[in-house]
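Protein chains: 4
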Amino acid sequence: MTLWGGRFSGKLDPAAWELNASLPVDRRLADQDVRGSLAWAGALEKAGVLTPEEGALIRQGLAAVGEELRSGAFVFQGSDEDIHTAVERRLGELIGSLAGKLHTGRSRNDQVATDFRLWLLDSLPALDAALKGMQAALLERAEAGLDTLMPGYTHLQRAQPVLLAHWWLSHFWPLGRDRERLAQAAERAAVLPLGSGALAGAPFQVDRHALAQALGFRLPSPNSIDAVSDRDFAAEFLFCAALCGTHLSRLAEAMVLFSSAEFGFFELSDDYATGSSLMPQKKNPDVFELARGKAGALLGWLTGLLATLKGLPSAYDKDLQEDKAPVFQAYDTLMVLLPVLAGALRTLSVHPERMRAAIDPGMLATDLADYLVAKGLPFRQAHELAGQAVRQAAAQRKALDALSLEEYSAIHPAFEGDVFAVFDPQRSVARRRAYGGTAPQAVRAQIEEARRLLG
Amino acid sequence: MTLWGGRFSGKLDPAAWELNASLPVDRRLADQDVRGSLAWAGALEKAGVLTPEEGALIRQGLAAVGEELRSGAFVFQGSDEDIHTAVERRLGELIGSLAGKLHTGRSRNDQVATDFRLWLLDSLPALDAALKGMQAALLERAEAGLDTLMPGYTHLQRAQPVLLAHWWLSHFWPLGRDRERLAQAAERAAVLPLGSGALAGAPFQVDRHALAQALGFRLPSPNSIDAVSDRDFAAEFLFCAALCGTHLSRLAEAMVLFSSAEFGFFELSDDYATGSSLMPQKKNPDVFELARGKAGALLGWLTGLLATLKGLPSAYDKDLQEDKAPVFQAYDTLMVLLPVLAGALRTLSVHPERMRAAIDPGMLATDLADYLVAKGLPFRQAHELAGQAVRQAAAQRKALDALSLEEYSAIHPAFEGDVFAVFDPQRSVARRRAYGGTAPQAVRAQIEEARRLLG
Amino acid sequence: MTLWGGRFSGKLDPAAWELNASLPVDRRLADQDVRGSLAWAGALEKAGVLTPEEGALIRQGLAAVGEELRSGAFVFQGSDEDIHTAVERRLGELIGSLAGKLHTGRSRNDQVATDFRLWLLDSLPALDAALKGMQAALLERAEAGLDTLMPGYTHLQRAQPVLLAHWWLSHFWPLGRDRERLAQAAERAAVLPLGSGALAGAPFQVDRHALAQALGFRLPSPNSIDAVSDRDFAAEFLFCAALCGTHLSRLAEAMVLFSSAEFGFFELSDDYATGSSLMPQKKNPDVFELARGKAGALLGWLTGLLATLKGLPSAYDKDLQEDKAPVFQAYDTLMVLLPVLAGALRTLSVHPERMRAAIDPGMLATDLADYLVAKGLPFRQAHELAGQAVRQAAAQRKALDALSLEEYSAIHPAFEGDVFAVFDPQRSVARRRAYGGTAPQAVRAQIEEARRLLG
Amino acid sequence: MTLWGGRFSGKLDPAAWELNASLPVDRRLADQDVRGSLAWAGALEKAGVLTPEEGALIRQGLAAVGEELRSGAFVFQGSDEDIHTAVERRLGELIGSLAGKLHTGRSRNDQVATDFRLWLLDSLPALDAALKGMQAALLERAEAGLDTLMPGYTHLQRAQPVLLAHWWLSHFWPLGRDRERLAQAAERAAVLPLGSGALAGAPFQVDRHALAQALGFRLPSPNSIDAVSDRDFAAEFLFCAALCGTHLSRLAEAMVLFSSAEFGFFELSDDYATGSSLMPQKKNPDVFELARGKAGALLGWLTGLLATLKGLPSAYDKDLQEDKAPVFQAYDTLMVLLPVLAGALRTLSVHPERMRAAIDPGMLATDLADYLVAKGLPFRQAHELAGQAVRQAAAQRKALDALSLEEYSAIHPAFEGDVFAVFDPQRSVARRRAYGGTAPQAVRAQIEEARRLLG
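Chains as they are written, first to last, in the numbering used here: chain E, 1 to 455; chain Y, 1 to 455; chain U, 1 to 455; chain H, 1 to 455.
Hints were generated in silico from the structure; no laboratory data involved. Errors might be hidden in some of the hints.
Any copy, or any two copies together, can satisfy a pair, since identical chains are not distinguished.
Claimed, not checked - Below 30 Å or equal to it, Euclidean Cα-Cα: the simulated DSBU-like pairs (lysine-lysine) are:
| hint | residue 1 | residue 2 |
| --- | --- | --- |
| 1 | K398 | K375 |
| 2 | K375 | K46 |
| 3 | K132 | K11 |
| 4 | K11 | K398 |
Model, not experiment: these values are computed from the prediction.
Using the sequences provided together with the hints, build the complete structure.
Here it is as structure tokens:
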């Protein structure tokens with residue numbers, strides 16, 4: 001069954017039918033389609049298009065269809081072009097020709113846009129919860145890492161010592177931004193297209209504000225042509241998902257590095273690691289590699305939809321049918337990734353001794369320069385002198401704290417006996433106590449702030 | 001001059017220098033770099049790192065450097081690695097070795113992130129104004145188009161008549177969403193990285209909240225590692241720009257179509273059209289084609305930056321130097337496009353008679369079905385019967401309103417003498433008066449709402 | 001069952017299992033996996049790792065497994081991690097522990113790369129045939145369009161008259177380039193990874209050249225580390241698919257335009273058009289719109305894979321598991337699109353009278369300039385004068401051939417009585433007879449060339 | 001000056017002019033434009049459109065213009081819309097109105113497509129040489145690394161020992177594929193559009209095969225409509241560049257990893273490393289990070305152009321003006337990157353002792369399994385038993401070769417006294433001597449093959 005055909009003498013070519021039919025993808029909107037139809041039936045009744053009796057019968061019928069869909073009793077037919085057709089077809093089987101009144105003043109154009117937005121609004125809370133769960137795992141690890149020093153890296157070179165807790169939290173905040181962006185995207189998605197018809201608006205005096213409220217939308221859309229072709233909400237969701245994927249990829253890249261034999265900072269639990277079909281000793285961080293790999297796919301889905309949208313004129317074109325698959329795939333990808341990553345973080349072992357051992361005295365060179373600054377030298381000169389000490393130590397294949405006092409004074413007389421106190425990473429970390437820094441007291445305040453955010 | 005080098009015995013290979021130097025791109029941050037340094041000097045003074053005299057001298061020097069940069073008197077040198085180096089180098093020339101105290105506790109990592117965010121915050125208001133100017137042009141055209149009927153299209157097939165005003169407004173609202181997204185992105189960008197050092201935080205008790213306020217940021221960043229490597233703000237800006245580009249592309253596509261000889265709805269002013277080097281008669285809508293073409297580039301810049309970010313571990317890596325070129329290019333692209341498009345819209349001629357002539361009676365087929373609905377038939381059946389009328393008219397190569405009453409009654413007896421009143425597009429439009437519809441009263445209300453938005 | 005586990009005390013977390021398992025995607029490689037294993041068993045036998053009896057038993061077992069997979073009798077189990085595991089598991093059930101000898105010297109790393117390349121090599125001929133079918137449809141239409149004139153457009157403005165046949169052929173050649181690119185990509189894909197082990201090569205003296213030949217590859221891969229992580233062939237296929245998608249999108253865009261009421265050049269057959277759930281008169285070119293929309297998805301898959309590959313170091317990483325889904329989706333997309341588009345082209349109706357009517361005299365303005373050139377004026381001046389005629393005609397709202405001889409001579413005395421002969425589109429077309437031009441004789445030669453290409 | 005304008009009464013709005021003018025980008029085609037015009041003048045002369053005297057004068061004038069452009073004496077004017085206009089304008093200044101005959105039968109549509117292809121064909125040899133230079137650097141390093149063992153990684157976990165030479169060569173072959181792809185792309189680009197006019201072909205009997213030969217093209221384009229709008233060559237170049245960027249990014253990622261303190265396999269020369277403005281000890285692999293970062297931009301340019309192309313109907317549209325910037329940027333990016341990367345590779349220090357130390361006995365677990373295979377056990381069982389040994393050693397925090405013979409025999413009696421000979425990485429490497437493997441003799445053959453390729 002199709003919802004059109006009166007004007008056609010031929011029937012769609014079977015291969016064209018297969019290309020055109022969207023049921024395999026949009027059947028996922030079943031629940032939203034039924035709810036949207038229930039609300040529309042109510043609106044038609046209020047507008048006097050349906051009698052109260054007709055309205056009641058249609059609603060009962062739709063409730064029954066919804067129940068069949070939920071329970072799995074619903075039987076799709078090869079001739080169902082899409083979920084909207086399937087629901088209306090089944091409604092007709094249940095209540096007869098009265099079913100044919102439901103589509104009055106409505107088009108699949110406003111219907112599918114409504115269903116899709118409703119699906120997104122229904123689905124975002126679970127994604128938010130998954131992101132929050134990931135943040136909670138990071139916060140837990142941070143709370144347990146307040147006493148652990150690790151090397152901080154820039155350019156993947158050892159830079160300065162930081163607290164492990166601080167490092168974990170550096171992955172907490174990006175997810176917070178993701179949640180904020182998704183919440184704002186949800187606000188913007190909560191604008192109701194229903195009542196826009198094919199593009200020109202509804203021909204009856206439908207109260208669209210009431211309809212919006214009934215379906216949990218903030219507002220009805222202000223322009224019917226825009227309403228049926230606006231897919232900003234899908235693009236915005238895909239962007240949020242792609243950027244979130246980037247955050248997960250960056251964390252995953254760090255986890256892969258830090259789980260390598262060379263770094264040795266973390267060891268994955270057997271529950272979250274896999275082996276090799278050939279090499280018996282291998283223990284691979286597959287879950288993090290998959291997070292990294294899937295971030296590419298997330299970016300691809302965003303790019304693909306934007307390229308499709310870019311190619312359209314205004315109003316509805318069939319190209320828009322390609323909007324749902326990438327959104328569903330992106331959503332599912334994050335929903336499968338996030339709990340696994342959170343589990344992997346929660347269960348991994350930390351090797352603080354490997355971290356501590358990786359803090360070589362050279363990482364205190366900035367503190368060495370600061371030492372000279374405290375003695376009154378301009379930082380630029382102090383940086384140059386500390387750099388000379390680094391070079392001299394390297395030339396002698398010594399650690400930076402293994403130069404003698406004589407050697408230090410030869411570089412500059414401001415170097416005195418107390419210089420060796422500089423080479424204490426604990427002290428270095430403790431100095432960085434301005435807001436947002438790695439000093440224990442600053443990180444404790446940061447943890448408080450993070451905890452408040454998780455509520 | 002570089003801001004490093006003490007530890008190095010060799011000098012950078014010239015080709016590597018060229019690859020590495022970012023001055024050609026980041027000199028655009030000159031003003032922001034000076035302002036950031038002024039604020040940092042103030043913070044160092046408050047923290048007791050600089051004496052009031054030192055602070056005053058540095059600030060005077062920086063003011064002089066800033067003035068040179070603004071006036072064009074500043075001479076860049078081949079050895080200036082980036083704008084930060086150039087400014088500090090010149091400061092040293094002006095005030096001597098005291099200049100070397102400015103970089104105390106600061107790294108280029110937090111400095112460049114601050115400069116870049118500041119640039120974006122400085123630049124977004126002009127973009128918002130350009131978008132608003134484009135909206136104003138659309139609104140003007142809408143106000144002048146309240147009495148003009150045009151064919152509305154879906155699938156580029158004639159669908160239903162709409163008001164020209166309604167069509168113009170369908171391009172107004174997407175730009176409103178763009179402005180909303182950009183405003184939220186600006187809020188999120190207004191988080192200050194300065195005081196995060198290389199990655200571990202500032203080693204002095206700097207009041208970063210005061211620093212944020214001084215530079216016009218909402219808040220200081222909560223985590224120094226995140227702060228130096230977070231480029232979400234750049235990605236988010238690029239997404240907003242790419243989606244805005246998509247909106248402009250869709251409008252442009254419609255303008256190209258409607259300016260063709262076949263549609264003939266619009267004619268561009270000579271001020272905004274170009275000719276052909278070969279074909280003397282050509283009048284081409286180049287400005288709209290360029291809008292369409294540049295939307296591809298905008299998408300590419302977004303994709304490129306996300307791909308770069310995806311490949312990084314946490315904390316600062318040099319790959320991030322690739323963040324600025326796409327942002328600058330995207331900003332400049334929109335800033336050159338928007339005023340031209342607004343000008344082209346404001347000056348084009350509308351041909352209402354061509355629009356009216358393109359509304360064929362077949363476009364009232366939905367109203368024909370609604371006519372039957374009003375007589376009590378279910379819409380689905382009414383749709384089928386109207387479709388039969390369409391098929392019959394097509395078979396006779398007649399317009400839909402040219403079938404006789406007999407022919408109509410033969411299709412269904414509910415078709416009566418009053419059926420021909422259906423074929424009045426004015427009436428069809430007037431029926432769609434629910435909120436967001438194309439009826440004149442609904443569009444007038446829509447114009448009111450749009451006007452309020454522009455303030 | 002997994003192909004690893006000896007070193008692990010725990011079991012993979014169920015959600016991590018779901019994330020990690022690739023069977024839903026890679027079961028499509030079943031046939032290739034069996035064939036690859038058959039060849040590997042042969043190679044092991046030749047290398048003396050298996051006795052002839054063992055080799056025979058394994059090959060019989062594999063043949064049985066292959067038969068089960070082909071017939072649908074094969075029962076996958078929830079514990080099958082991927083297709084390789086499933087096949088080896090089933091082999092073990094059939095022939096006992098001897099099955100455990102098959103994986104000697106092989107890793108899933110070289111195995112999956114082999115299967116995937118083999119799948120591509122197996123699948124490309126059908127894609128080539130589908131492209132050729134599309135070219136054949138275009139050629140048929142061209143052969144039938146040798147006598148039909150249509151307006152040629154640039155900037156979607158009427159430019160110069162062309163033969164319809166010439167226009168159809170302008171979509172023939174891009175598909176030829178696609179086929180050429182795919183053929184070269186296939187050559188490059190035909191390099192065998194098998195025998196590269198996990199990354200270091202095979203520990204037995206395997207004759208990889210013979211193995212390559214047995215499996216239909218050109219050559220064995222020259223470097224085992226590269227071999228297991230090289231996915232250039234997948235990226236290259238996706239690029240070819242995306243560019244082909246772009247070609248189909250451009251054709252589809254033209255078909256949508258030319259099928260609009262305003263152009264009216266083509267009418268789709270009912271077999272390849274769809275209707276509207278609301279508007280009874282609609283006949284929509286959905287199949288072409290879907291082609292246009294799916295080109296976006298094709299671009300997205302390319303982008304996604306490249307972004308994933310870009311983020312890797314050398315050698316095998318699990319991220320590579322994300323390589324297959326986009327390749328399969330891209331292949332299936334083209335394979336469903338191409339026959340439908342070919343069918344739609346073959347069955348559409350052409351309206352030559354609408355095309356002829358759209359050739360207005362202004363389109364001959366270049367010929368008007370050429371007329372002056374023939375009288376000895378430089379083209380640049382002739383172009384300017386023809387432009388003046390265009391302007392003058394437009395000011396009087398006249399066609400270009402409706403200016404009087406007096407008016408023409410007033411523009412320039414070189415315009416004489418024979419000027420009106422210029423306004424014959426047939427003549428204009430006939431003049432462009434250089435190779436590749438639109439003159440009937442040139443197009444006939446072009447058709448010959450196209451026919452030879454299709455063989 | 002513009003090459004059009006006769007039909008226009010107004011002048012282009014200044015902002016629209018700025019948007020529309022392409023000179024800042026296409027002036028790079030100056031040399032190609034002059035050469036294309038020289039050839040066209042020759043073709044016009046042969047076709048009898050120009051007298052021999054006219055032809056000679058125009059060629060002399062063009063030669064003078066070309067000389068001015070090469071020497072820098074050429075003065076561009078604000079009114080030059082593009083390079084084609086600038087050249088024709090200057091020609092007119094030099095030789096008077098005769099210059100106006102040059103554009104006869106030519107359009108900027110075929111002209112710019114010709115210039116752009118010619119530029120690409122002119123520029124690709126230098127890119128090929130740069131890629132070859134990079135391959136030569138890798139080959140040199142490989143030749144010096146034949147005696148050095150290093151750990152091979154998969155999933156960034158230690159996998160199996162390999163020769164350093166083998167690892168270097170794993171980055172040699174991908175660049176070979178890039179060169180092959182670029183060479184094929186060049187073949188396909190060498191199809192001449194000139195003589196296609198605006199879209200309909202040349203109105204004179206131009207010998208386009210001779211024209212193609214004169215300009216170094218393989219063939220003239222077979223269809224004029226396709227010829228003016230085909231940008232496959234640009235897309236294909238951008239794909240080759242993006243994939244090459246991916247290869248460089250993967251190498252760069254490995255270099256960054258292996259230059260970290262934790263791996264310590266490589267140390268960059270001071271000529272190719274940079275420091276930190278804050279941290280005196282830092283030595284950063286910026287050149288490799290930039291390679292990694294720029295691979296994102298390369299991908300973005302490809303995506304952007306494909307998105308632009310996808311949005312077009314057939315024939316020339318102004319959107320195509322956006323084709324050149326990404327191609328120029330991609331080319332320049334590779335041309336600046338490749339020599340720097342080659343230099344960095346050539347000058348880095350290798351630390352073989354760090355590599356050797358990183359080969360722990362666990363990496364021989366596959367050889368341990370193979371040991372059992374040699375004793376007749378099926379590999380699958382051998383793998384399981386070797387895994388048990390790994391687990392037992394890990395539980396005792398011992399190396400794999402530190403289990404006693406008793407412990408080994410307890411796992412399986414096939415383990416005998418000779419088992420400890422397994423733990424010799426040299427022997428492990430030597431076993432993998434099949435073609436493409438890491439055994440010294442196989443790598444030596446590989447080096448021979450690579451050398452032959454470089455010629």
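Practice prompt. Could you figure out if K132 and K11 sit no more than 30 Å apart (CA to CA) within one copy, between two copies, both or neither?
Written response: between (51 Å within a copy, 26 Å between copies)
Worksheet item: How would you label the pair K11, K398 (within, between, both, or neither) given a Cα cut-off of 30 Å?
Response: between (84 Å within a copy, 23 Å between copies)
Item to complete: With 30 Å as the alpha-carbon cut-off, assign the pair K375 and K46 to within, between, both or neither.
Response: between (82 Å within a copy, 18 Å between copies)
Practice prompt. At 30 Å max between alpha carbons, let me know whether K398 reaches K375 within a copy, between copies, both or neither.
Written response: Within. Shortest intra-copy distance 25 Å satisfies the 30 Å Cα cut-off; inter-copy 50 Å does not.
In this structure, none of the earlier numbered hints is contradicted; all agree with it.
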